[in-house]
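All chains, please: the whole structure from these sequences, using the hints.
Heads up: the sequence shown runs through residues 1 to 364, numbered per the UniProt record's numbering.
Hints were generated in silico from the structure; no laboratory data involved. Check the hints yourself; a few may be wrong.
To be verified - Here are the simulated BS3-like pairs of lysine-lysine, each with C-alpha atoms no more than 27 Å apart in a straight line:
id : residue 1 : residue 2
1  : Lys347    : Lys29
2  : Lys211    : Lys232
3  : Lys211    : Lys81
4  : Lys210    : Lys232
5  : Lys91     : Lys81
6  : Lys49     : Lys89
7  : Lys259    : Lys191
8  : Lys257    : Lys273
9  : Lys21     : Lys347
10 : Lys81     : Lys49
11 : Lys327    : Lys352
12 : Lys339    : Lys211
13 : Lys191    : Lys21
14 : Lys257    : Lys191
15 : Lys232    : Lys21
16 : Lys49     : Lys257
17 : Lys49     : Lys352
18 : Lys210    : Lys47
19 : Lys301    : Lys327
20 : Lys210    : Lys339
21 : Lys47     : Lys89
22 : Lys327    : Lys347
To be verified - Label-pair restraints from in silico Cβ distances:
id : residue 1 : residue 2 : range
23 : Gln306    : Lys211    : 30 to 40 Å
24 : Leu10     : Ser307    : 24 to 34 Å
25 : Gly276    : Ser307    : 24 to 34 Å
26 : Glu227    : Lys29     : 24 to 34 Å
27 : Ile14     : Lys339    : 24 to 34 Å
These numbers were taken from a predicted model, which means no experiment stands behind them. Don't be surprised by glycine CBs; every beta carbon is placed ideally from N, CA and C.
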Amino acid sequence: MQALITHRTLPTRIFNALSGKAIFSPGAKVHDNVPIPTINSQQLLVKVKTVALNPTDFKHMDALAPPGCILGCDFAGEVVKVGEGAAGKWKVGDRVASVAHGGMYPDEGAFAEYAKVNHDLAWPIPGDISDADATTYGVSAMTAMFALNARLGLPFPGSKENAKPAAGDESTIFIYAGATSAGLFHLQAAKAAGYTVVTTASPRSFELVKKFGADAVFDYRSSTVVEDILAKYPNLTKAVDCFSEGPSSSICAQVLKPKGGTVVLLLPNGESKVPGVQFEMIMLYTVLGRAFQMLAPLGPKFEASQSDREWAARYYSALPEVARLLKPTPTVSLEPGFKGVLDGLEKLRQRKVVGGKQVVQLQS
1 MQALITHRTL
11 PTRIFNALSG
21 KAIFSPGAKV
31 HDNVPIPTIN
41 SQQLLVKVKT
51 VALNPTDFKH
61 MDALAPPGCI
71 LGCDFAGEVV
81 KVGEGAAGKW
91 KVGDRVASVA
101 HGGMYPDEGA
111 FAEYAKVNHD
121 LAWPIPGDIS
131 DADATTYGVS
141 AMTAMFALNA
151 RLGLPFPGSK
161 ENAKPAAGDE
171 STIFIYAGAT
181 SAGLFHLQAA
191 KAAGYTVVTT
201 ASPRSFELVK
211 KFGADAVFDY
221 RSSTVVEDIL
231 AKYPNLTKAV
241 DCFSEGPSSS
251 ICAQVLKPKG
261 GTVVLLLPNG
271 ESKVPGVQFE
281 MIMLYTVLGR
291 AFQMLAPLGP
301 KFEASQSDRE
311 WAARYYSALP
321 EVARLLKPTP
331 TVSLEPGFKG
341 VLDGLEKLRQ
351 RKVVGGKQVV
361 QLQS
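Right, here's the structure in full:
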């Protein structure tokens, strides 16, 4: 099969990680002799039709991924083979979407003609949802639900958990960078959980974030953004930093400073020391149930987490209902095929994508 395969050397990867640059781009090539993945009894083999692009994809391509790995996380397609242990739930021809840890393994990734997935970490795409929209419920939506539910204790949308914040719990949450793909899902999920949602965005995205559930939005570039937020919302105790770069984490901490609380980060970002404010970084890939190392052999290691893996199975079990309550983020269709993937990753690298998810039809 064809697949987009990483090929950077370790010195180049280290330089890119330290400098934030991408020398000798693009860092991955399309190979046409990649073995089709072999599945075990608990897995599905999927013909990949549509993929969505995420910042993590170019970060793996530039620095995090060792050579010889298939890139790409979000995909939708058609089941072409079913493992014996999954035969009661799935059949050949089913439309399905899922997430892979792209850039970490030679036989697992979305940017390929075929991808494998554990049968309980996939969801059946309803007939009225397109493949493109289905891919948006991957990394971005899963990150939002993981941060809000597994780390901050908000209920799943549509679940029988507490429909409103528990008694005594501050019912307002702060989402930094609400116009990002992850941010838009955070806004929706928090709103569905009964919270008042406060966010930041650039003025051009104010209307967008309001459409996705924000009750109040502030300009993140304003020199008085912290003071402006605290003037109206002085009792915040929960925050998610959907940008996790530059001053974003410090702003989150300052917003929570009066009452204390927890800031969930999506990336390490030099957490500022504010009394009473705790920082917790999440790495979504822990939900896939396998140990891994970023920027191997030198980068941080992450152990397998059984509890995170169990949460992921719950997420995919709930997705058919969740997708009825949380609308997909806006999508931008790029040129079909691997060229569209590479072009889209370059746009992400240059931060030219705002308020939408880039999607590519890989094959019909």
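Inset, instruction - Could you grab the alpha-carbon distance between Lys49 and Lys89 and see if it respects the 27 Å cut-off? - result: The given pair, whose Cα atoms are some 21 Å apart, holds under the 27 Å limit.
Legend entry - Proposed proximity, Lys211 with Lys339 (alpha carbon, max 27 Å): This hinted pair is violated, its Cα atoms lying about 32 Å apart.
Inset, instruction - Would you mind confirming whether the straight-line C-alpha gap from Lys210 to Lys232 stays at or under 27 Å? - result: 17 Å, holds
Inset, instruction - Look at the Cβ atoms of Ile14 and Lys339 and judge whether their distance stays inside 24 to 34 Å. - result: 28 Å, holds
Legend entry - Given pair status - Lys339, Lys210, alpha carbons within 27 Å: 34 Å, violated
Inset, instruction - Mind checking the alpha carbons of Lys191 and Lys21 for me, to see if they're no more than 27 Å apart? - result: It is violated: about 37 Å lies between the C-alpha atoms, which goes past 27 Å.
Legend entry - CB-CB spacing for Ser307 and Gly276 relative to the 24 to 34 Å hint: 26 Å, holds
Inset, instruction - Starting from Lys81, check that the Cα of Lys49 is at most 27 Å away, please. - result: 15 Å, holds
Inset, instruction - Assess, step by step, whether the Cα of Lys301 is no farther than 27 Å from the Cα of Lys327, and give holds or violated. - result: 34 Å, violated
Inset, instruction - Would you mind confirming whether the straight-line C-alpha gap from Lys257 to Lys273 stays at or under 27 Å? - result: The hint holds at about 10 Å.
Inset, instruction - Starting from Lys259, check that the Cα of Lys191 is at most 27 Å away, please. - result: 21 Å, holds
Inset, instruction - Measure nothing beyond the straight line between the CA atoms of Lys211 and Lys81; if it is 27 Å or shorter, mark the hint as holding. - result: Violated: Lys211 and Lys81 sit about 40 Å apart, past 27 Å.
Consistency note: the structure conflicts with the earlier hints numbered 3, 12, 13, 15, 16, 18, 19, 20 and 26.
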